[in-house]
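Engineer: These are the residues of each chain, in order.
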Amino acid sequence: MQSALAVDRLQFAFTITFHYIFPQITMGLALLIVVLKTMALRTGNEHYNRAARFWAKMFGINFAVGVVTGIPMEFQFGTNWSAFSKAAGGVIGQTLAMEGVFSFFLESSFLGLFLFGEKRLGRIGHWFSAMMIFVGSWLSGYFIVATDAWMQHPVAYSLGPSGTFELKSFWGLLLNPWTLWQYPHTMIGAVQTGCFVMATIGAFYILAGRHEDYGRTFVRVGVIVGVIASILQLYPTGDGQGVMIARYQPVTLAAMEGLFHTERGAPLAILGQPDVANQRLDNPLTIPRGLSFLTYRAWTAEVKGLEQFPRDAWPDPIELVYYSYHIMVGLGTIFIAIFVIAAFLLWREALFRRRGMLWVIMLAMPFPFIANMAGWITAEVGRQPWLVYGILRTSEGPSPLVSVGSAWFTLIGFMGLYTLLGILYLFLVYREIDRGPDAGVVASSASVN
Amino acid sequence: MGTLWFCLVALMLTVYVVLDGFDLGAGVVQLFVAHSEEERRLVSRTIGPVWDANQVWLIAAGGTLFFAFPGLYATSFSGFYLPLMIVLWLLILRGVSFEFSRHLTDATWVSFWDAVFFLASLLLAVFYGAALGNVVRGVPLDNQGRFFEALWTNFQPAGETGILDWYTILAGVAALVALTLHGALWVSLKTERELQARAQDLAAKLWWAVALFTIVITWSSFKLQPHLQASYSAHPWGYIFPVTAVTALILIIVFRGNESRAFCASCAYLVGMLASVAFGLYPDLLPASTNSASSLTVDNSKAANYGLKIGLVWWTLGIILATVYFVMAYRRFAGKVSVSSDEEEY
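These protein sequence lines map, in sequence, to chains Y and G. Residue 1007 is where the first sequence starts when you use our numbering, and the numbers rise one by one after that. Residue 357 is where the second sequence starts when you use our numbering, and the numbers rise one by one after that.
Bound-form chain G, shown alone (with noise of 0.2 Å):
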């Protein structure tokens, strides 16, 4: 039951990376693809029917955590203090200033919040990965499952460590860049002509900075958590996942011209990536860098299985509805978005 939630709750972590990963990415693609007050307005209609409901996915994931892994949820969320209040300030800035830009009329402020939407979207992309790093190399947690971590130290990832440190913070620069190349690949496919053509060159140069970065991440997450070699050695069928990522990373540039296609490869990357780390650390949910009969594992974390069964009942519906929901509006929004004045918007 406990692996299952595992399951799930990584899935919807997912799901999440890969939709506002591609808002994320559309903000800030923007500043570098669109030229003109009305190219920027066209990439936020691209994102800006579903950009909500993308979000959802992460407070959705956020409340199954919590119900399926009290523990951690408790153990994390307070650990990591700083910088998920400062994730909180920059979601908060990022839907305010998307917001805003569209029912301001004056350029000057427009182009102002376009700017936060910018940053704060980077900024965003960069803090999901360096938590993701955070719980890949492992936080001090002590011997009653407690930890609380400054934002940084000495920038070594070993000893006492903070949140940002070489290692976390290559994390952060491999998400920006892969999820700037799935917000490039996603303007390209929803936008024509020279706008469309702009995207697609970034996302030609962002490849090889992913390929780079997914390389030189790869290897020091082995070097760095020795947790993840003994998983894949003892299970070497969970190799399907980076052999997954890799085969899409290659597509993404064998589908350059088919734009909906190397979206696609592009989302295939980002669920192999996630779900390798997710297959790595298994049973673990937090290692401990401290010692590993402190980490937070599936069992010792998971809330009693009365309400882990219930709970799989709703979810299962719930999610089923969400399917519904999204298809539905993503096939409403489906195609090229225009400026044509026949769409209502307010």
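With the rest of the complex left out, here is chain Y (with noise of 0.2 Å):
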């Protein structure tokens, strides 16, 4: 670690790796919170308004350190990507504001008017609220997304005298194609993990015997809208995305399926480490033809290996390419076989019986933020080496004048400092789910009265 660019890219990777645990929490929680909102307003039932507002205390401290943890991202573009900013601002600049402007305003004005008005503005007042909360955070997510899609496949853009990228089409930025497909696939994985986290939670309840009635709808809500969300995560997001992939970043879905040659009709990997010095996968387990047919259709389809592409376009480790793109898939086809099984079962009415059911769905609560992460490892460091892909290296990017000892300095911070957050959050998490739904008023303002 000689160079800043390596700990400018540590940093901005633990930054953004931590900073995405709590984003996918709550802009999967917005949802299920309209869904427990609407169920409320629909039946007139106050046992849905009480796990609204269950949740919505969960949402509260998920969204407050996703707000203080993301701050530090928008900063480091202009304190460790100088150049990277100076050139791309134009473009991705507008994006990033357009978040703050249309996004961060509706939701933190809105959240406040959730969390500390429920009475002041009614029942439809309050779940208008707890609409345009998910609308804000959903927004924010097609900006973030639209950023990172211009950094991954860059439109609508054209090169200025001063060597700054300018933009040239404003809705061409916004509807990237790459983006299209990118944002339903990144929010469906966060209402994955909205699902499990709400599933997971109504699990123990019933395993613990305790607040069972509100552990049944958890598991209810959770497993019916989790059995949708992840078909659609596979398809036609997933495929969608694979195929952006193909198109666009060939060398990327090489070293992501660990094909290092060239084929006619290419093998799908399914277990193997692969063995770059040597140029093969070993001890492959493998469905003949199979990625042929899933990039191109057809089974005999030329797949295009990384020896076809000079070394140094080869994403940046290789290894890791392959591996976090595995560990997503694998938890993908894990996450539909759990939620249809369980869907069949909460069909059956034989769910809540099942003990055995309940308890993998309790254990797999770690799982859907795994294949998130694994997900954005897979397109970022599938992305190296550019920063912007084909007309930006990473290495061109980093602050020319912020030395190695600075940036070790901020990161040891981020790292202190998030460890300090990370263990403040799981206190606050386990004490709200030990106290249950019925809870209700936070204990400071029960204190006061």
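If you are wondering where the hints come from, they were derived from the structure by calculation, not from laboratory data. Mixed in with the good hints there might be a few duds.
Said to hold, decoys possible - Restraint-style ranges between C-beta atoms, simulated for each label pair:
| hint | chain 1 | residue 1 | chain 2 | residue 2 | range |
| --- | --- | --- | --- | --- | --- |
| 1 | G | Gly515 | Y | Ile1376 | 48 to 56 Å |
| 2 | G | Thr509 | Y | Ile1340 | 51 to 59 Å |
| 3 | Y | Lys1174 | G | Leu507 | 38 to 46 Å |
Stated by the list, open to error - Over the 10 Å line for every Cβ pair with chain Y, so calculated as not near, a few chain G residues:
| hint | residue |
| --- | --- |
| 4 | Leu360 |
| 5 | Thr431 |
| 6 | Ala590 |
| 7 | Thr600 |
| 8 | Asp640 |
| 9 | Asp655 |
Note that the structure is a prediction, hence the values are computed from the model and not measured. Where a beta carbon is used, it is the ideal one built from N, C-alpha and C, also for glycine.
Please dock the two separately framed chains into a single complex, following the hints provided.
Structural biologist: Printed below as a string of structure tokens:
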């Protein structure tokens, strides 16, 4: 780690990975809270309102951590990647500024109303606030994905006189074909996390014999939304994203699949360890011709292997791209299995008696987070060695005058601070789960009263 | 087009200072005016529903700066690397401490997080002031328009400067007293009885400090940055901004006893001061202390015209929407805060 570049990358990777734990929960929960509030409105049953209140509390905690860890992301473009910011700010600054102006104002204003003003707003008003939080958080996701999509597949720009990229078409930037697949794929990933979080806590309540009525509601909502989401994640969104990568980043596709040699009727690797030095996949377990079919819908189509591309265009490290992609796909498949079985049992009205299945749902908690992270690692490490695909290398992006020492200083600072933050977060969440949905208002106001 | 965006970014930052200023100030004030746990909860309730939305103005202003003046964003954020990171950490600590002291029940830890909230609020106010001080004083831009400043060198505002020198520290303290006054006026606007009386007492004392620091910082700024005097001499109509600030400052003391008018006067004071700085610096965005030819200006930092034009369309739309949300949210939470149990909070 003698170069600032490596530390800059490590810092961005660390802070974004930690940050993204929280938005995936809030974007997923935002949808589920709307579902609960709608059920409350339609049935007039206070049970759903209390359930929504419990999740709003969870949302509040996650949102707070998401906001405070999100600000460093926007700042780091300028602090650590100033050469990149100077070159690309005229383009990606647009989407980042729009996120602030269109979604953060919406989200934060209505969250204040939602958390602090249930009585003042009335039933419809409170439902509407939940809806606006959902719209705000999903819009925010759109602008961020559009920003990333431009780095994956730059469109709607021209090269200006001073070597900077200039925006040429506003709608071209917003409706980047890459965004149109990446966005639903990302959001449905977040919905799956939200569903697992809700169903997991519900399963825990049923298994522990506490707040069982809420537990059943949580499991039911989590499983029904989850089964739809997990299938949509595979098809069409995951498939569409794959087609984009095959078309615009064929070298990344080869790295993801561990395909070193160009083949007709290329096999799909399920397991195996890429041996980059010898350019082969060790201990492969494959589906013959599977990759050709998935990519081109033809069993004998030719898929380009890594050997077709110059070494300095290979993602680095190949192994990380390969494993994170396989982890994502493997977990996604397991999620479909879990949700389909659970939904079937729910339909047969047997799920709440099947303790084994409830255990499976409960213990599945960490895996949607891992799958989402693995997906992002596949995308972002797969983009290497480019910062903006094909036009700006990552090595050309960092701030020229920020020293390695300064970068280490702040990286270590972030690590310490986020460790503290993580411990506090887990403590608060554990406490809310322990208190349960009947606790009503938080203790701070209760102790005042 | 560049000038328009200069005004818009300055406007957003000003709105940020006016809005987040009162909750930063309230964070500092709570330690002095709230004597019981109950009173501290009351102070935190005055800002609870809005502080997060207030902070969004900083993020939105940052984003707007990024797309309108990418060159400035890149240069200043990397040059101010260390203080910006410290600001980020303080923002994190502040946000977390606020949320945590709201959710915890144990008195020991609540008081700990209240103290963290106080310290983070205080240091943020100082850093914001110091940051503005750095911009006014100028930074050592090289001939490629780049710089990197250490946190401090020899505390002199000349030669190889650091972020902190006597002038920028002065600016930091000036910002701290101004925002603390702003926060005290906010607390007195939103509370009743003894708590309000104590906040008003504190505000009356702070007023003298603000008046003193206004004079000192204005005098030293004009001494240090000749560009300011040049701007005002070239366009004397600009004196309207400092005059606004001074008038507003006097009105704060005149309106003693009328909480809402006093608070509005304090807002006007902050707007007047920041507008004075912006007017004095224009067309520079970041003056160079080395050689004025290296200064970052509106023209050499702005993005291409198409982006700025299209940005004007969505920016206007977005800010109108944001204003609507803010009016709505502030009206919902208008009036004094109370401890009554009819309001839910979670």
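Engineer: For every hint, state whether the structure bears it out.
Structural biologist: Quick rundown of the hints versus the structure:
In this structure the hint that Gly515 of chain G and Ile1376 of chain Y lie 48 to 56 Å apart at CB holds, the actual value being about 53 Å. One distance hint, 51 to 59 Å for the beta-carbon pair Thr509 of chain G and Ile1340 of chain Y, holds here, with the actual separation near 57 Å. Range check, Lys1174 of chain Y to Leu507 of chain G: Cβ separation about 41 Å, and the 38 to 46 Å hint holds. Every C-beta of chain Y lies more than 10 Å from that of Leu360 of chain G, the closest at about 15 Å, which supports listing it as non-interface.
The beta carbon of Thr431 of chain G sits about 7 Å from the closest Cβ of chain Y, which is not more than 10 Å, so the claim that it is off the interface is violated. Listed as a non-interface residue, Ala590 of chain G keeps its Cβ farther than 10 Å from every Cβ of chain Y; the least gap is roughly 29 Å. Chain Y leaves Thr600 of chain G outside its interface by the beta-carbon criterion, the shortest separation being 27 Å against a cut-off of 10 Å. Listed as a non-interface residue, Asp640 of chain G keeps its Cβ farther than 10 Å from every Cβ of chain Y; the least gap is roughly 18 Å.
Listed as outside the interface, Asp655 of chain G is consistent with that label: its C-beta sits roughly 12 Å from the nearest C-beta of chain Y, beyond the 10 Å cut-off.
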